[in-house]
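Chains as they are written, first to last, in the working numbering: chain A, 1 to 211; chain B, 1 to 211.
Be careful, since some hints might not be right.
Note: identical chains are not told apart, hence a pair may lie in one copy or across any two.
With a straight-line Cα cutoff of 20 angstroms, these simulated SDA-like cross-link-like pairs (lysine to any residue) come out [what the hints assert, rightly or not]:
| # | residue 1 | residue 2 |
| --- | --- | --- |
| 1 | LYS174 | ARG15 |
| 2 | LYS137 | LEU46 |
| 3 | LYS174 | ASP60 |
| 4 | LYS120 | ASP12 |
| 5 | LYS41 | GLY86 |
| 6 | LYS97 | ALA50 |
| 7 | LYS101 | GLU113 |
Since the hints were made in silico from the structure, they are not lab data.
Each chain is listed here by its residues.
Protein chains: 2
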Amino acid sequence: MKPDYSLYLVTDRMRMSTKALDKAVEQAVIGGCTMVQLREKEISSLDFYALALEIKKITDRYGIPLIINDRIDIAMAAGATGVHIGQKDIPADIARKMIGKDMLLGVSATSVEEAVNAAKAGADYLGVGAMFPTETKPDASHVSMEELGKIRRAVDIPIVVIGGISEENAMLFKTMGINGLAVVSAVIARPDIKRSAATLKSLFLGKGGCE
Amino acid sequence: MKPDYSLYLVTDRMRMSTKALDKAVEQAVIGGCTMVQLREKEISSLDFYALALEIKKITDRYGIPLIINDRIDIAMAAGATGVHIGQKDIPADIARKMIGKDMLLGVSATSVEEAVNAAKAGADYLGVGAMFPTETKPDASHVSMEELGKIRRAVDIPIVVIGGISEENAMLFKTMGINGLAVVSAVIARPDIKRSAATLKSLFLGKGGCE
């Protein structure tokens with residue numbers, strides 16, 4: 001079954017409106033998030049593994065993919081659906097060999113060159129951004145709408161846009177052939193996580209629209 | 001071939017007498033280190049992977065095992081001999097399933113219970129410590145010589161001792177049935193890495209002794 005990339009939640013416990021990650025993720029999924037990526041940089045491997053198992057209970061319950069950021073070992077150990085790697089992680093071709101064909105491989109790209117290389121290396125989808133300034137990753141490279149268009153034309157795998165995605169810009173991407181919005185603060189930093197997810201999804205898909 | 005655990009180098013780039021890790025490792029190996037564990041907590045996955053490939057060139061050249069601390073994915077990606085996990089890493093039984101039977105699995109233990117559990121989970125060897133106070137891991141639990149003796153009697157897999165091992169205490173362990181010394185600062189923080197390794201090894205094995 002092909003994943004639905006339309007509203008792809010990336011977690012960031014530093015920017016949450018609540019302390020309970022499991023509850024935040026569940027609210028986001030009920031609101032319409034179609035995938036969850038667990039991103040943790042500061043905790044022990046044991047804590048990351050335990051957290052992945054905990055979040056997997058939720059994603060399994062709702063039948064959506066769980067993706068682990070960077071840590072291929074955590075993804076494999078927890079039985080996640082896949083792994084998402086950046087340009088500073090284990091190279092995509094090596095990652096693909098390690099996880100085999102059945103696990104999803106997402107790769108971050110900021111340029112046509114990175115996108116084409118990732119697709120060649122076996123990426124199932126791309127995360128392209130940061131599209132707009134963001135507090136989550138203030139030092140992330142910015143990708144212009146023009147470059148995004150070039151990337152879209154250069155590869156035929158699904159693309160989610162990330163970085164500063166909000167209700168102000170969520171409607172810009174679908175007509176460009178982008179497959180989904182990857183959101184952090186715009187969902188989990190909001191007081192009403194469920195409603196924020198629902199609003200973003202409806203803006204992305206077109207008001208009242210559905211696929 | 002059974003690994004020779006007698007002088008097991010653990011890297012720590014924060015405590016090195018030189019900036020070049022590759023040269024430090026090579027000097028340690030020439031001096032008599034029989035295994036190398038690469039331990040990195042602060043660098044990107046890509047940098048860790050690249051460093052592992054670099055150090056593997058040296059360990060391969062001298063025909064000794066390269067072990068990666070914590071990161072099972074880096075160990076697999078770099079083709080290391082094995083992985084060493086602590087009590088805050090991915091659990092040993094899960095790690096064993098991930099790496100298969102051919103890769104070495106080392107587990108840190110500070111008590112008989114942890115040692116027995118690690119052996120049951122499939123550990124090939126144990127790292128027991130910290131034996132003495134150490135600047136590398138000031139918050140590590142201390143293991144008494146009495147507890148070490150109990151651990152030695154409770155499991156039959158090889159044991160290396162770690163934590164504050166130095167020329168002052170290197171001679172205490174062999175008669176207890178301990179298989180090797182794991183050393184950090186006592187080798188790589190010293191001005192003459194090669195000589196420090198040689199001295200520790202000769203003290204461990206007994207003067208002029210060999211196995």
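Each hint tested on the structure:
{"no.": "1", "hint": "LYS174 with ARG15", "result": "neither (27 angstroms within a copy, 52 angstroms between copies)"}
{"no.": "2", "hint": "LYS137 with LEU46", "result": "between (25 angstroms within a copy, 19 angstroms between copies)"}
{"no.": "3", "hint": "LYS174 with ASP60", "result": "neither (27 angstroms within a copy, 51 angstroms between copies)"}
{"no.": "4", "hint": "LYS120 with ASP12", "result": "neither (29 angstroms within a copy, 36 angstroms between copies)"}
{"no.": "5", "hint": "LYS41 with GLY86", "result": "both (13 angstroms within a copy, 18 angstroms between copies)"}
{"no.": "6", "hint": "LYS97 with ALA50", "result": "between (25 angstroms within a copy, 17 angstroms between copies)"}
{"no.": "7", "hint": "LYS101 with GLU113", "result": "neither (23 angstroms within a copy, 39 angstroms between copies)"}
In summary, the numbered hints that this structure violates are 1, 3, 4, 7.
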